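Take the sequences, apply the hints, and build the full model.
Here are the chains, one letter per residue:
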Amino acid sequence: MKSRRLEQGGRIDRTKPIGFAWDGKSLNGYQGDTLASALMASGQQILGRSFKYHRPRGIMSAGVEESGALVTIGKDSGAEPNIKATTQELFEGLEGFGQNAWPSVRYDLGAFNSLFSRFFAAGFYYKTFMGPKALFGRGTGFWMFCERLIRQAAGMGKASREPDPDCYDHAHAHCDVLVVGGGPAGLSAATTAARAGLDVLLVEQDFELGGDLLNQPESANRQRKKLIADAQGQGVRVMTRTTAFGLYDHGVAGLVERVGDHLPGISQNLPRQRFWIVRSSHIILATGAIERQIAFGNNDRPGVMTASAGRSYLNRFGILPGERIVIATNNDSAYQTATELEDAGAVVSLIDARENVDSELIGLLGGSNISLRIRAAPLSVKGMRCIKALEYTTATSQGWEHGGVEDCDLLLVSGGWSPVVNLLSHLGYKPVWNREQACFVAPETDSTVFMAGSSAAIWNHEDCLISGQSVGAGVSKLLGCSVRQKKAPKAGGWVGPIKPVYEVAVKGRQLKSLVDPQHDVTTDDIRLAHREGFVSVEHLKRYTTLGMATDGGKVGNVIGLALMAEALGKDIPDVGTTTFRPPYTPVSIGALRGRNVGEHFRPLRRTPMHDWNLEHGATMTMAGLWHRPWYFAQQDEGIEQAYIREAATVRETVGLCDVTSLGKIAIQGPDATEFLNRVYTNPFAKLPIGKARYGIMLRDDGIVMDDGTTWRFSETEYFMTTTTAHAAKVMAWLEELLQTRWQDLKVHVASVSEQWAGCAVAGPKSREVLMASLDNEDVLSNENLPFMGVVETQMVGGIPCRIARISFSGELAYEVYVPSDYGVSMMGLLWGQAKIVGGCLYGLEALGALRIEKGHVTGAELDGRVTIEDAGLGKMASPNKSYIGKSLKNRPELVREDRPRLVGIKPKDRSKTFHAGAILCKQDQVSGMGEGWVTAVTHSPALGHWIGLGFIAGGHEAWKDTTAIVADPLRKEDVAVEIVSPHMFDPTGERMHV
Amino acid sequence: MLRIACPFCGLRDHSEFAYGGDATVVYPALDAGEDAWHDAVFMRENVRGVQLETWHHVNGCRMWLIVERDTLTHEIVSVRPAHPEWANAITTETSLKGDT
Chain A
-9 MKSRRLEQGG RIDRTKPIGF AWDGKSLNGY QGDTLASALM ASGQQILGRS FKYHRPRGIM
51 SAGVEESGAL VTIGKDSGAE PNIKATTQEL FEGLEGFGQN AWPSVRYDLG AFNSLFSRFF
111 AAGFYYKTFM GPKALFGRGT GFWMFCERLI RQAAGMGKAS REPDPDCYDH AHAHCDVLVV
171 GGGPAGLSAA TTAARAGLDV LLVEQDFELG GDLLNQPESA NRQRKKLIAD AQGQGVRVMT
231 RTTAFGLYDH GVAGLVERVG DHLPGISQNL PRQRFWIVRS SHIILATGAI ERQIAFGNND
291 RPGVMTASAG RSYLNRFGIL PGERIVIATN NDSAYQTATE LEDAGAVVSL IDARENVDSE
351 LIGLLGGSNI SLRIRAAPLS VKGMRCIKAL EYTTATSQGW EHGGVEDCDL LLVSGGWSPV
411 VNLLSHLGYK PVWNREQACF VAPETDSTVF MAGSSAAIWN HEDCLISGQS VGAGVSKLLG
471 CSVRQKKAPK AGGWVGPIKP VYEVAVKGRQ LKSLVDPQHD VTTDDIRLAH REGFVSVEHL
531 KRYTTLGMAT DGGKVGNVIG LALMAEALGK DIPDVGTTTF RPPYTPVSIG ALRGRNVGEH
591 FRPLRRTPMH DWNLEHGATM TMAGLWHRPW YFAQQDEGIE QAYIREAATV RETVGLCDVT
651 SLGKIAIQGP DATEFLNRVY TNPFAKLPIG KARYGIMLRD DGIVMDDGTT WRFSETEYFM
711 TTTTAHAAKV MAWLEELLQT RWQDLKVHVA SVSEQWAGCA VAGPKSREVL MASLDNEDVL
771 SNENLPFMGV VETQMVGGIP CRIARISFSG ELAYEVYVPS DYGVSMMGLL WGQAKIVGGC
831 LYGLEALGAL RIEKGHVTGA ELDGRVTIED AGLGKMASPN KSYIGKSLKN RPELVREDRP
891 RLVGIKPKDR SKTFHAGAIL CKQDQVSGMG EGWVTAVTHS PALGHWIGLG FIAGGHEAWK
951 DTTAIVADPL RKEDVAVEIV SPHMFDPTGE RMHV
Chain B
4 MLRIACPFCG LRDHSEFAYG GDATVVYPAL DAGEDAWHDA VFMRENVRGV QLETWHHVNG
64 CRMWLIVERD TLTHEIVSVR PAHPEWANAI TTETSLKGDT
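Here the protein sequences line up with chains A and B, keeping their order. Count the first sequence with the working numbering and you get residues -9 to 984, in order. Count the second sequence with the working numbering and you get residues 4 to 103, in order.
To be clear, the hints were calculated from the coordinates, so they are not data collected in a lab. Computed from a predicted structure; not experimentally measured. One or more of the hints may lead you astray.
Result set (EDC-like, lysine to aspartate or glutamate): computed pairs, CA atoms no more than 16 Å apart in a straight line [unchecked claim]:
# : chain 1 : residue 1 : chain 2 : residue 2
1 : A       : Lys6      : A       : Asp66
2 : A       : Lys902    : A       : Glu980
3 : A       : Lys736    : B       : Glu88
4 : A       : Lys65     : A       : Glu152
5 : A       : Lys871    : B       : Asp34
Derived CB-CB ranges, DEER-like [what the hints assert, rightly or not]:
# : chain 1 : residue 1 : chain 2 : residue 2 : range
6 : B       : Gly13     : A       : Gly818    : 56 to 62 Å
7 : B       : Arg51     : A       : Arg585    : 37 to 43 Å
8 : B       : Thr94     : A       : Pro673    : 35 to 41 Å
Backbone N, C-alpha and C define an ideal beta-carbon position, used for all residues, glycine too.
Structural data, given as structure tokens:
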């Protein structure tokens, strides 16, 4: 292939040269070039090596269907592999690299593989490397071992292992009509719909509008400009460099906009790519068609391209792609290309597989030196690294026979056209086979998605324009505009019919004919799959990996289906088609994640006292979305010293803890009492005003949903607290019950989690501290506020507050809530007093230590598998009333005596520790699933050693005087433990009642 | 992505909603027996076609809605508030609008 840039012509700007590097070598191109066209103009032929056999590969197309010129762009952290050079815009300083070859794409030692290619047929790896069962278990072990080596030798480009330095963005758009494709059909459809008054968004994956008009001679440019001007004049919103990669339900489309892929360097101000979600009412697909290859010997050699690609490089990029060109076709579309290439100075010969060629076409060649040979098709390409000659066949009544050899440096092939129905397939439509046009076309669609132009198998430009106008008008009508609609043209448009040719072979000749060049799937592989019984298309695809490469089967699927149909003795439509799935072209993960990375991976919730906590030495941790104080280290304390000191201080004097993250729900209305009584397992009907009650709620299926306290303020008003973890779930649950199930109950629920800031004041001196922080300390006396009492009062300075005397730590303790804006003032008041009596601030770790000592459950225990009995709270299930979950909690499996029950765990050797998540086993049977598990572990300052909570079959009574083993196979630590009551500290609860 | 026309908020992405479940289930009385509750909680039709389901506009107005959806095509046939009083209120409001 002796390609060269022409002196004139094409859409490139010769006054704007662009310097770039290919495998380290400096080259030049022009503004308007793609990397592929610039490489072709520079005479580069071998751009990569194939996936399996390391066959040399060059440019095969001029678009998104490219299977040969897959390259890596950029270096180090900026390297992106498997980019199609045919769609990569050239920019100053671009660095491109060939892939899958060592030491270089021109001299690749891996090509050694191709000598053994007969061993590498479909399924070879799996069959060969399965290994003997006896040695490798179920037979996959040996494969796992070999796979690493094989993957080294096969493959595509390598992704960088460094963090992505680029930034990405998400954006949203709405429109009446989304038009995909900026060719003649798309532009005319968009203009028609916009003229009718609709809001139209047109997206085009190329960096220029015009579609196939870009590939035509200069004379087509006037029409192109007019179509664009019309669209702009009607207010069509146009996005170029934007691929609609997926269609979803209800008019939703996913787009990726390549904002900076054509710009040098990393922009400080622009994202590299933008992921758009478009919500449209109607969609018009004017996505064009992709020219097919034919399977013949060495049809993947550099210098074999689609005919339309040859035309594109000539007319769009001003390149003569070869000097001696053979064009092999089975349809009308290549004739124009032939004359244009000849006009540009090439020696051109045409071979057409058809028996007859229409006189109109022959007339087209009149006056030229183009030789035309009919009933002829390509058989095999000569030349190892590039094409030197073509051996062709002629058709006889017995099939193909050797015809002759013709020297050439470029072979252009047109095996027919496949309309791009991929996006429609995303919506679940199955394409249907059109026998006349030998292609899959869209089936009847519903009234929101329409096909226009060559994506509807309409082959000439005038009809494509009319098709666009017709579909544009049709959609406008559906959306209530009054417009005149032209009749839509029918599929077709060639003067003579296509002759389907999928594979050319001669009896007795061994050929390597590629069906899917990206995955090195050959025609023999398809037949092998058939012989081995993979007769369903879906199985064929998976066994041979046909169509599973980055092009998603754009090139090879139809040939593969045709060969399978032949092997089965069926018609193509009877074999079926595979489903195209998003994305249409590869989308970088970066674009999908957008800015949701690092700190922005998920939302962050901070309490009003966040900064106050930090100022007072808090180290924070995540609790769901919340940032909560973990511990408050003093001097050079680590977490362990800090939390043990904090927990001990709470038991000795007093501690303060930010508990704002607890869920808080206002429950109001005349039926609020009845509502709570149905939701909670324990009775709420007689909860007096001014009292709080600890409650458990179950799910419908009888498993514990959540626990918390509910405070009663009046006849009709309650204040519910939930666990931090389940706050959102409980809120949604209460709303569901009131709106869908108990619609007669007059109750209103509102989340007030954000409205109230909360602080736990716990320890023997908590009353003293809290009293000194109130306007009227009398409200807090043991008589006025007994255990579980609730009061609304004011802190010093008139800060409104609500206080409940409840305890999670097991000490005399209070929860104090103030309106969020007063959170910091509350902490200031309480901390001022707590300091005086030697109190401390404590975090989540000490909170955990205190509750584990007491055997109080939290999210770690209430994990959605636990019944109220399992949690040791069976006494809270009232036998005298009905409540959610009451029936189903008594299912036989849930009431078995040997179910895992909540227990306390103490190491036999008190100096030992163990870990949450470990399995509890019988002493003589440390294996399998064990008898239970550990949910929480802490060092207990009160007991002076490590303790834990967990669940074990039968509960602590079943394990009395029996040693269990905490088995931790990951850490290889087994610790002998005794199983005790979960109430390991102050089991009678005296300390809370002082 | 589905788009659900919330009667209170308008056409919104389904990511604003949380799926509830089968809207045709009639939950038995709280003191009903195990069998009745078992059927209500666990027995479900695997409908091919239009089914009634509950959705919660959890990142919106927080209303529970009854959505009539075709499981085959994802077509949404109708959306109404689960609570009949709200459904009535909306019907009244819409008809008032229609009068003016």
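Status of each hint after checking the structure:
1. Lys6/A to Asp66/A: violated (28 Å)
2. Lys902/A to Glu980/A: Roughly 29 Å between the alpha carbons, so the hint for Lys902/A and Glu980/A is violated.
3. Lys736/A to Glu88/B: holds (12 Å)
4. Lys65/A to Glu152/A: Answer holds: Lys65/A to Glu152/A is near 11 Å, not above 16 Å.
5. Lys871/A to Asp34/B: holds (8 Å)
6. Gly13/B to Gly818/A: 56 to 62 Å: Cβ of Gly13/B to Cβ of Gly818/A: about 45 Å, so the range 56 to 62 Å is violated.
7. Arg51/B to Arg585/A: 37 to 43 Å: About 40 Å separates the Cβ atoms of Arg51/B and Arg585/A, which means 37 to 43 Å holds.
8. Thr94/B to Pro673/A: 35 to 41 Å: holds (40 Å)
The structure does not agree with the numbered hints 1, 2, 6 stated previously, though it agrees with the rest.
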